[in-house]
Every structure is written in C-alpha cells, then in structure tokens.
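**Student:** Sequence:
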Amino acid sequence: MKKIFTNTVQLLLVVIGLTPTLAKAQNADTVKTKNRMHSGWHKDMTGGLELQAEYRKNNVRDINAYLVPKGFPLLANNSTWFNLSMTRMYNNRFITTLGIGGTAPESVTANDVKVSVFRGQIQVGAGYNLSTNTAYRFYPTVGLNFQNSFLKVKDNGNINSTTDFGQEITQSSSSKTLNQHTFGIELGGGFDYVIHLKSKQMDCVTVDRTIPIGIRAGYYIAANNSDWKVDGHKLTTGPNSKPNGVFLTLVLGLGYGVHKN
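Residues in the sequence shown are numbered from 131 upward in steps of one, following the working numbering.
Treat the hints as calculated values from the structure; they're not laboratory data.
Be a bit skeptical, because a hint or two may be false.
To be verified - When the alpha-carbon atoms are kept at most 20 Å apart in a straight line, the in silico DMTMM-like pairs for lysine to aspartate or glutamate are as follows: (1) Lys282 - Asp357; (2) Lys390 - Asp357; (3) Lys306 - Asp242; (4) Lys244 - Asp361; (5) Lys306 - Asp338.
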C-alpha cells in the first residue's frame, strides 16, 4: 500500500508540473487557429443557395428519327432546365458553385406504348468577381457539366394485360430505360444584384443575409457522348447529337455571411 501511495503521489506531482506547459501549448494552438480563421481563404467566406431557370437547347431530332418510323408522334424539344445550386465566395472574389437540375419529361404514346425523355445534370463551376461594390457582382465563369439522358419505354398494353403476379413476372414487354452520359464545358459570365437584408447579431458572430438576383449567359460545349446503355448493356448505335449552343440562366438566391464579432 505504501508503494502504491508513493507512486500515486509522484504521478500527481508530474501532472501538476506539466499542467502549465500543456495549458501554454493549448493556448498557442488556439491562437494559431484563430489567426488562420481570420486570414487567407477563411476570411469573409460567404455562401448561398440558388434557384435557377435555364434555357439551353436540347436536340430530339435524332431520337424522333428512331420513333417516327415506329408510329410515334414527334417528341417536343424541351430546352428549359430547373436547377438548385450551392455557392461559396472567398474574400468577396473567388466563387465556386455546385448544382443539380434537370428538364421536365416529355412523352409521346402510340399503340399503348409510352416513350418519355428526361435529362438530368450536375454542374461544377468557378468564377472571379471583378466588382469591389458589395451591391452587385460581375464575374466570368467556367464550368463542367455532367449530363445523363434517359429514354423510358413503358409498354402499357402488355403490362396491364394481366392481374396475376406470377404471370406478370414473365410477361413479354417492351418496357425498358435507356440512358446516355454527356460531358460538357460551360464558358460564360454572370451578373448579380445583391439585396442586403438586416444583419442578425448573435452571441459571438454576425450573420449577414442577402438576396442575390442575377443572370448568367455563355456557351455550352458538348465535348463527349457515351454509348447508349440499357441495364448496363452497351448499344453500338443510337442518337448521338451534341447540342452545342448558348445558355441563359435566371437566378434567385438566399445568401449569408458569418463573421466573428
């Protein structure tokens, strides 16, 4: 017991002796962290969420070239995209964006077979704000676009021909979903008018709230199309148009900036 007591006392003395050193080191790390947060990329970082309505021409002529000989009417050419995008701005200059969106599906029906076309996309972009006025932003942009086109065939005639579960499993049907990937590049620019709302004071931070209203325009380059696939099976033929062209986007957002008091 005496030995255990002696060892315990020695351990406590060591801990007490090291405590000031550990506290000093921790304080130094805290100061370094604060300095990093108040300098470089971390200074005045703001962000936001944007709703976008975009016009970018799609081309369904080559799809119609396959459908019309089989008795289908012409598919409409839907060139309106709706996107949801997140933005980040660093030092009121460098802008990054990440968005997801798509078109509304267009469909035609013939002989109880319905064909629908839908396109989805993921956008990654960057820009540089040339304005020093916080009331508006003007910036050139460059972005990458990853698009997926879906062609869905629904054979209602054969699907609805039975109510038996077992028979439905092996029922012959033309129903399938085909898809094709497209990689694109977006070059353009944007202008945002920024409405500043009343800032909100909290315990140790100030939250600046804004409503950006903007417009973006540029040129879309469809750089590469993949082969069409159905359930992972690659098709060697199929529509392969690359709809290069201008795009125009209207933007309405909700922005914020968090600053330490």
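**Student:** For each hint, tell me whether it holds in the structure or not.
**Tutor:** Each hint, compared with the structure:
Among the hinted pairs, lysine 282 with aspartate 357 is consistent with the structure: their alpha-carbon atoms are about 16 Å apart, no more than 20 Å. The suggested pairing of lysine 390 with aspartate 357 is violated, with an alpha-carbon distance near 51 Å, which exceeds 20 Å. For the hint linking lysine 306 to aspartate 242, the alpha-carbon distance of about 14 Å falls within 20 Å, and the restraint holds. The hinted pair formed by lysine 244 and aspartate 361 meets the criterion: a straight-line CA distance of about 19 Å does not exceed 20 Å.
Of the pairs offered as hints, the one joining lysine 306 and aspartate 338 is violated, with about 50 Å between alpha carbons and a cut-off of 20 Å exceeded.
When the structure is compared with the earlier hints, violations turn up for hints 2 and 5 and for no others.
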